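Please model the entire structure based on the sequences and the hints provided.
Just so we're aligned: the sequence shown equals residues 0 to 88 in numbering that gives the first Met the number 0.
No lab work stands behind these hints: they were computed from the structure. The structure displayed is predicted, hence computed values, not measured ones. All C-beta atoms, glycine included, are put in the ideal place defined by N, C-alpha and C. Some hints here could point you the wrong way.
Ranges between beta-carbon positions, derived for each pair [to be verified]:
| no. | residue 1 | residue 2 | range |
| --- | --- | --- | --- |
| 1 | Q27 | D1 | 27 to 37 Å |
| 2 | A57 | Q8 | 25 to 35 Å |
| 3 | R5 | M52 | 14 to 24 Å |
| 4 | D66 | Q25 | 24 to 34 Å |
| 5 | G22 | D1 | 31 to 41 Å |
| 6 | V62 | G33 | 17 to 27 Å |
| 7 | G22 | V69 | 27 to 37 Å |
Derived SDA-like pairs (lysine to any residue); straight-line CA-CA distance at most 25 Å [what the hints assert, rightly or not]:
| no. | residue 1 | residue 2 |
| --- | --- | --- |
| 8 | K20 | D1 |
| 9 | K58 | D35 |
| 10 | K20 | V62 |
| 11 | K19 | E4 |
| 12 | K58 | M0 |
| 13 | K19 | R51 |
| 14 | K20 | R55 |
| 15 | K19 | V6 |
| 16 | K58 | D46 |
| 17 | K58 | V48 |
| 18 | K20 | R37 |
| 19 | K20 | L67 |
| 20 | K58 | Q8 |
| 21 | K58 | I15 |
| 22 | K20 | Q8 |
| 23 | K58 | G33 |
| 24 | K20 | V6 |
| 25 | K58 | L23 |
| 26 | K20 | D66 |
| 27 | K20 | G45 |
| 28 | K20 | R40 |
| 29 | K20 | L53 |
| 30 | K58 | D1 |
| 31 | K58 | R41 |
| 32 | K19 | L32 |
| 33 | K20 | C7 |
| 34 | K58 | D9 |
| 35 | K58 | E43 |
| 36 | K20 | D9 |
| 37 | K19 | V48 |
| 38 | K20 | G33 |
| 39 | K58 | C7 |
| 40 | K20 | E43 |
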Amino acid sequence: MDDAERVCQDLGQRVIELRKKRGLTQQQLAERLGIDPRDLRRVESGDNVTVRMLVRLAKALVVPIGDLFVAPKVRDARRPGRPRKVTED
Numbered sequence: 000m001d002d003a004e005r006v007c008q009d010l011g012q013r014v015i016e017l018r019k020k021r022g023l024t025q026q027q028l029a030e031r032l033g034i035d036p037r038d039l040r041r042v043e044s045g046d047n048v049t050v051r052m053l054v055r056l057a058k059a060l061v062v063p064i065g066d067l068f069v070a071p072k073v074r075d076a077r078r079p080g081r082p083r084k085v086t087e088d
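Below you can see the structure in the form of structure tokens.
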């Protein structure tokens, strides 16, 4: 899997995560986006998306567009209560 495929897969997982966090079904989010639920399933499965769709997803999920790209390890590191690893050079 190349970097672009990995980004698309991560994006799809992040969309699923945010959709569920908002208590939305695929049907409901698809309606907010004005797309067919099959197209949303493709996004969530890691298919390539347009910049226009990224903007629409961010608005529909009520998040800054950058939040769609937060890597799992970075998100985990930001969680409150988790100690941060500090290294000395």
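Holds or violated: K19 with R51, Cα cutoff 25 Å?
-> With Cα atoms ~22 Å apart, K19 and R51 stay inside 25 Å; holds.
Quick one, are K58 and E43 close enough, alpha carbons at most 25 Å?
-> holds (16 Å)
When you check the alpha-carbon spacing of K58 and C7, does it fall within 25 Å?
-> Holds, at about 18 Å.
Hint consistency between K20 and Q8 [alpha-carbon to alpha-carbon, up to 25 Å] = holds (18 Å)
Taken at face value, is the distance from the CA of R37 to the CA of K20 at most 25 Å?
-> Roughly 20 Å separates the two Cα atoms, so the pair holds.
Taking 25 Å as the top limit, are the C-alpha atoms of K20 and C7 close enough?
-> holds (20 Å)
K20 paired with R40 [C-alpha distance capped at 25 Å] = With Cα atoms ~17 Å apart, K20 and R40 stay inside 25 Å; holds.
Is K20 close enough to V62, meaning Cα to Cα at most 25 Å?
-> Holds, at roughly 12 Å.
Satisfaction of hint between M0 and K58, Cα-Cα up to 25 Å | With Cα atoms ~29 Å apart, K58 and M0 exceed 25 Å; violated.
Given the hint that K19 pairs with L32, does the C-alpha gap stay at or below 25 Å?
-> holds (16 Å)
Does the Cβ pair A57, Q8 satisfy 25 to 35 Å?
-> violated (18 Å)
Has the hinted range 14 to 24 Å been met by the Cβ atoms of R5 and M52?
-> The hint (14 to 24 Å, Cβ to Cβ) holds, given that R5 and M52 are roughly 18 Å apart.
In terms of the numbered hints stated before, the structure departs from hints 2, 4, 7, 8, 12 and 30, listed from lowest to highest.
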